[in-house]
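Residues per chain are reported as follows:
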Amino acid sequence: MSIIYQIEDSLDGIFTAVYDSFLYKEHVLNVLVNFEQLDFLNAYRQIKIDKNKIDKVKNKLKNLLYPTNYKQIKVAFCSGDIKKHLIIFNYLVKIIKCDKDCSNNLSDLDMFNYDNLLSKIRLESHRFKGFIRFEKSKEGVYIAKFSPDNDITALIFPHFKRRYKNMPFILHDEKRNIIALSNKEKSLISYGNVNIFTLGVDKEFKNMFKLYHDSVNIKCRKNTRLMLNYLPKRYHVYLPEKDELI
Amino acid sequence: MMDANKLRILTESAKYDVSCSSSGSSKRYNDGIGSTNFGGICHSFSPDGRCISLLKIVMTNICTYDCEYCLNRRSNDVERAIATPDEICSLTMEFYKRNYIEGLFLSSAVYKNPSYTMELLLETVIKLRKLYNFNGYIHLKGIPGADNLLIMRAGEYVDRMSFNLELPSEKSLRLLAPQKSKNAILKPINFLSGEKQANTSIKSKFLPAGQTTQMIVGASPESDGQILKLSSALYKKFQLKRVYFSSYVPLNLKSKILPLNYTGQIREHRLYQADWLMRFYGFTASEIANENENLPLEYDPKCAYALRHPELFPVEINTAPLELLLKIPGIGIKSAYKIISSRKYGSLDFNDLLKMKVSLKRAVHFITAKGKFLGNDKQEQVKKLLAGTDVDLNYTQLTMFSSKELITSVITGEL
Chain A
1 MSIIYQIEDS
11 LDGIFTAVYD
21 SFLYKEHVLN
31 VLVNFEQLDF
41 LNAYRQIKID
51 KNKIDKVKNK
61 LKNLLYPTNY
71 KQIKVAFCSG
81 DIKKHLIIFN
91 YLVKIIKCDK
101 DCSNNLSDLD
111 MFNYDNLLSK
121 IRLESHRFKG
131 FIRFEKSKEG
141 VYIAKFSPDN
151 DITALIFPHF
161 KRRYKNMPFI
171 LHDEKRNIIA
181 LSNKEKSLIS
191 YGNVNIFTLG
201 VDKEFKNMFK
211 LYHDSVNIKC
221 RKNTRLMLNY
231 LPKRYHVYLP
241 EKDELI
Chain B
247 MMDANKLRIL
257 TESAKYDVSC
267 SSSGSSKRYN
277 DGIGSTNFGG
287 ICHSFSPDGR
297 CISLLKIVMT
307 NICTYDCEYC
317 LNRRSNDVER
327 AIATPDEICS
337 LTMEFYKRNY
347 IEGLFLSSAV
357 YKNPSYTMEL
367 LLETVIKLRK
377 LYNFNGYIHL
387 KGIPGADNLL
397 IMRAGEYVDR
407 MSFNLELPSE
417 KSLRLLAPQK
427 SKNAILKPIN
437 FLSGEKQANT
447 SIKSKFLPAG
457 QTTQMIVGAS
467 PESDGQILKL
477 SSALYKKFQL
487 KRVYFSSYVP
497 LNLKSKILPL
507 NYTGQIREHR
517 LYQADWLMRF
527 YGFTASEIAN
537 ENENLPLEYD
547 PKCAYALRHP
557 ELFPVEINTA
567 PLELLLKIPG
577 IGIKSAYKII
587 SSRKYGSLDF
597 NDLLKMKVSL
607 KRAVHFITAK
617 GKFLGNDKQE
627 QVKKLLAGTD
637 VDLNYTQLTM
647 FSSKELITSV
657 ITGEL
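Sequence order for the protein chains is A and B. In terms of my numbering, the numbers along the first sequence are unbroken and rise by one, the last being 246. In terms of my numbering, the numbers along the second sequence are unbroken and rise by one, the last being 661.
The shape of chain B in the complex, shown without the other chains (with noise of 0.2 Å):
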């Protein structure tokens, strides 16, 4: 059994990993251990806000590649350790039977090579399979560089993997992880798109809840509107079925290269909401941003297109089409799916859109129902409105001392 402390380090290692899905799987029909749930399962969130649903760990975070970004670099002085594939099995079992966890979330560092490593984490998840019968979730994590036949063995066992593309250009993968390159990380994202696409019956169990990748956000100088492009052009080349961002935390601060400050979550959080807008809210990323501009911080994306397309709105909620109502914003897939269903009774008013609970502080703005129009129509206060702050607000309370010198020698009794 694996002992407190290598838990401890192992999985702290493997926390900056953000992927904590556990859906979009199908069912596998035998006798052992654990089902997947097509809808995903979070079984608890640390403090933090993030979903715990699987059991994230590294296999060893002994590593031979030295990434400026990382904890676990070669040059970097913290406690090492490795499991073995019978500790990482058996806790997976203790924890799944206890119903803590949906699944297995397995990682690793690059020890020794990524061919070596892979072969690890092949032997791990093979065991896990066919030896503990067990039929739960696994994600895997790809070893970029490892051999092409141990990857694809391990799309015959696992439910999702992924690459990570690390940072969203080939100009500052360089920079920052000389070891890693950007060929080196999309040819197995492509060989498993591949193979993926070859394998399409229903019965196949390739890689039922398909490939996901992670890029740092604010580590570098891309822009949003570039990274979004990347992302959009992921989902349409190879199939994804997520990107995640992880917004920049300065773990290494002794490096020169890497900006000293937080990224701070607000911009994460703008990208995932551009990410939701691209994957079901149809828009393409040129609508959000164009390719050097950054995403608004004060509101979301949608709020900013809307602004941007005066000529779209206000919208008749009575007779808009579906993709019209979702592009309105405040209102999101639910809320457009009650207008529609709704509006086949009879014409909808402001008052029966409050009755469903459909949110209108932003979306007010944008729409008329039967013909009426209840929001502001000057753009300048409109974005006021959005960004959360009053017109009034510019206006701040007067000290009684007019300049910062009369105050210091108040407090310090002079006057």
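Same shape as in the complex, but just chain A (with noise of 0.2 Å):
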């Protein structure tokens, strides 16, 4: 029989699914989250979270999966897509039926798709390593706002924490209003917004850095697409070289 999963928008959710397709010999069309729009020629189940399941399901994974692949899950769940849930949904039931761990099989589409999900979200992860860009506040606090695809602030956090040991600095994503604060002693992640006015007060540094960037071109060799390419233009807002476009 087929049937559309809703469920609560976590990973936990997504494992007592799986568990429960298996419990009711289920072929599942989608996984949906709890508030998003139905149809009515669908039949529905509602998950509950359960989590006696939920062990069960990871107890699983863990004897199947190889360690790295394991802890990919909840990098996986970071995505900004809005079929998430379905495509890891699939991944771990394909692993499960397999019995083995069969991540690397590419030909398979559930694989694929997955794999995708995770190369997208360590692109953009890599990619805001180099585009995120601190403004230094009037009270000496390095800022920066972005708004990723992905809910990378996580993953991004511990490469500044490296970086900037003896700086206090603010990761801020606007979309998700999602804060990490950092300082000498004491790290943090949380949900929030920051209300420090920043506009204009780093003038200085945000100029040179602009012609720094227009004096290292070569004009002759203008290359606009190959530039879009490797810094698409949503990236653009956060990045003061970038002001005006050419």
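Hints listed in this document are in silico derivations from the structure and should not be mistaken for laboratory results. Nothing here was measured: the structure is a model prediction, and the numbers come from that model. Hints are not guaranteed to be accurate.
[Said to hold, decoys possible] Below, simulated DSBU-like cross-link-like pairs (lysine-lysine); rule was C-alpha separation at most 35 Å, straight line:
hint	chain 1	residue 1	chain 2	residue 2
1	A	Lys-62	B	Lys-273
2	B	Lys-373	A	Lys-136
3	A	Lys-161	B	Lys-376
4	A	Lys-136	A	Lys-60
5	A	Lys-145	B	Lys-273
6	B	Lys-428	A	Lys-165
7	B	Lys-451	B	Lys-426
8	B	Lys-603	A	Lys-60
9	A	Lys-219	B	Lys-451
10	A	Lys-161	B	Lys-373
11	A	Lys-71	B	Lys-343
12	B	Lys-343	B	Lys-428
13	A	Lys-165	B	Lys-451
14	A	Lys-186	B	Lys-373
15	B	Lys-343	A	Lys-165
16	B	Lys-261	B	Lys-475
17	A	Lys-48	A	Lys-71
18	A	Lys-138	B	Lys-451
19	B	Lys-616	A	Lys-94
20	A	Lys-48	A	Lys-58
21	B	Lys-376	A	Lys-120
22	B	Lys-373	A	Lys-210
23	B	Lys-607	B	Lys-487
24	B	Lys-500	A	Lys-62
25	A	Lys-74	A	Lys-165
Dock chain to chain to rebuild the complex, using the hints, since each chain is given by itself in its own frame.
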């Protein structure tokens, strides 16, 4: 029987759904989060989170998957893709059905989609290690605002902590209102907003960098397409050197 | 603090140095600011499509040399400036704290004499590491002819060093850069590579990201085959990490020996493709191009290789070893590994390759899947397909008027 699952928007929700699909032996067409709009042509099942079921699925996966692949499940859930619940669900179900770690079998569409989801997150978090721009506030705190496609704040935070050990800084994901704070002693990630006014305070170095960006460019080799391939337009908003586009 | 005008002069002089990588270094464990990333990070991209990863700057552009191709040659009338070590250090730190850059790329014109310039560079680097506690990436251009002791000391502080080869042969060097010689350039490269090999222990912090070099392509008459042979020898003999090619840009229009035209990016691109084939795909220089041969501009060197060796193809993707998969045009390292790991679970057909997003545009003429061949087996047609021109494109639309004179007479109203 084909059915659509309604789950809670969390990894636990997906784990319970995986358990239930085996329990009821159902063919799951789609996995939707609770608040999504439903149509009236399909059958639905509301999946309720159950600690017992989650543990069973987790244990099974821990036994089947290589440790690195098991850790990746958490990373995959950071995706901003609207279909991520279904993609992760399909991947987990397939792994349990295969009864071994077949994550490398990319000719299988479920595996490929999952791999694609992960590589998009990896690419974006790598990009943002470079594309984040800090502004120094009057108080001496370095503040960076950005709005990535995927929820990568937690993934890139360790990189900046390693880099700026003694420097107080804040990463602010404006899309999801997540902030990551760090100074010499402490660091934390939480939901919230930054209300420190930074506009125009740090103008000197912004202008210096803009000047550097312009003077390092070889004009006769202009190649806008290549530049936009590497640095898509949606990222330009927060880059001081790309104030006015060519 | 450095003023804007000085920054403009000094960075404009450094922009023709192509190296921008910030990869391959190891971590420094102390309490300062900054870290290096093994994969390297690009922080921005300039409108010419090149990445901005390091603050590329010259110490000074006041030069005693008179190299024919260089913008800063002594006989050119350009704005000159010189920066102090502190100016460069503080600018690097401020940029780094705002995550604008991954580190510093420091070069210099030959000011007074090579050893004096090298001393200035060394002072800057030591200050940045010791006084400013900077742990990020530093790429230092060496000055050929400077004292070995200075070069060696610099190697202890920086991540990567490079000496520019400038031109691919000694003959051209003598003609275009009379004050430089092949021996004077190769000597420090050899010295550093020996020094690095002597410091092989894991704890050794001597030049963790190795050495690179750069040469101008198109200013002198050397063929691509010759250039590739030279770079392959450099990789083998001196364990260089990269050889960069910079296509010739005519900056000194008054010069009588230099060509007037741009070399064009496509030749540079083909050379880099060939370079990649040598470093990652197991090709040798002679396999890619013979000594006096240029690379074809219309298709990539791997296609050229495949067309020259019809006896190797088509390759059955379900049984071929990795080395052979890597020789198929259009299949890169990622795709090759995708195929290798997926075929363990069952044999693959063309549909599976499509699902895995393996690019088949070029590969289709050189592979079979489960014994099936879907490409074109006529070499002439394959050549045209690879070059991106269709067979039919040879025909052009006829004009209404048969000759040029007729067209002009129509325009002028005579007809």
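Hint check results:
In summary, the hint linking A/Lys-62 to B/Lys-273 is supported, as the alpha carbons are separated by about 32 Å, within the 35 Å threshold. This hinted pair checks out: B/Lys-373 and A/Lys-136 have alpha carbons roughly 24 Å apart, not beyond 35 Å. Simply put, A/Lys-161 and B/Lys-376 have alpha-carbon atoms about 21 Å apart, close enough for the 35 Å limit, and the pair holds. The suggested pairing of A/Lys-136 with A/Lys-60 is violated, with an alpha-carbon distance near 48 Å, which exceeds 35 Å.
Under the criterion of a C-alpha separation no larger than 35 Å, the hint pairing A/Lys-145 with B/Lys-273 is consistent with the structure, at around 27 Å. For a cut-off of 35 Å, the pair hint linking B/Lys-428 to A/Lys-165 is broken: about 45 Å separates their Cα positions. In summary, the hint linking B/Lys-451 to B/Lys-426 is supported, as the alpha carbons are separated by about 30 Å, within the 35 Å threshold. Note on B/Lys-603 and A/Lys-60: the hinted pairing holds, with a Cα-Cα distance of about 31 Å set against a maximum of 35 Å.
About 38 Å separates the Cα atoms of A/Lys-219 and B/Lys-451, which puts this hinted pair outside 35 Å; it is violated. Distance check on the hinted pair: A/Lys-161 and B/Lys-373 sit about 24 Å apart at the alpha-carbon level, within 35 Å; holds. In summary, the hint linking A/Lys-71 to B/Lys-343 is supported, as the alpha carbons are separated by about 31 Å, within the 35 Å threshold. Taking the CA atoms of B/Lys-343 and B/Lys-428, the gap is near 40 Å; set against the 35 Å cutoff, the hint is violated.
Under the criterion of a C-alpha separation no larger than 35 Å, the hint pairing A/Lys-165 with B/Lys-451 is consistent with the structure, at around 21 Å. Note on A/Lys-186 and B/Lys-373: the hinted pairing holds, with a Cα-Cα distance of about 30 Å set against a maximum of 35 Å. With a C-alpha separation of about 11 Å, the suggested pair B/Lys-343 and A/Lys-165 falls inside the 35 Å cut-off, and the hint holds. Taking the CA atoms of B/Lys-261 and B/Lys-475, the gap is about 27 Å. The hint holds against a cut of 35 Å.
Using a Cα cut-off of 35 Å, the hinted pair A/Lys-48 and A/Lys-71 holds, with the two alpha carbons roughly 24 Å apart. Of the pairs offered as hints, the one joining A/Lys-138 and B/Lys-451 is violated, with about 38 Å between alpha carbons and a cut-off of 35 Å exceeded. The hinted pair formed by B/Lys-616 and A/Lys-94 meets the criterion: a straight-line CA distance of about 25 Å does not exceed 35 Å. At roughly 17 Å between alpha-carbon atoms, A/Lys-48 and A/Lys-58 fall within 35 Å of each other, so this suggested pair holds.
For the suggested pair B/Lys-376 and A/Lys-120, the alpha carbons sit about 39 Å apart, so the restraint of at most 35 Å is broken. With a C-alpha separation of about 26 Å, the suggested pairing of B/Lys-373 with A/Lys-210 holds against the 35 Å cut-off. Taking the CA atoms of B/Lys-607 and B/Lys-487, the gap is about 31 Å. The hint holds against a cut of 35 Å. Restraint check for B/Lys-500 and A/Lys-62: not satisfied, since their Cα atoms lie roughly 71 Å apart, outside the 35 Å limit.
Proximity of A/Lys-74 to A/Lys-165 is assessed by CA-CA distance (about 26 Å); at most 35 Å being required, the pair is judged to hold.
Figure legend: structure checked against the earlier numbered hints; hints not met, in rising order: 4, 6, 9, 12, 18, 21 and 24.
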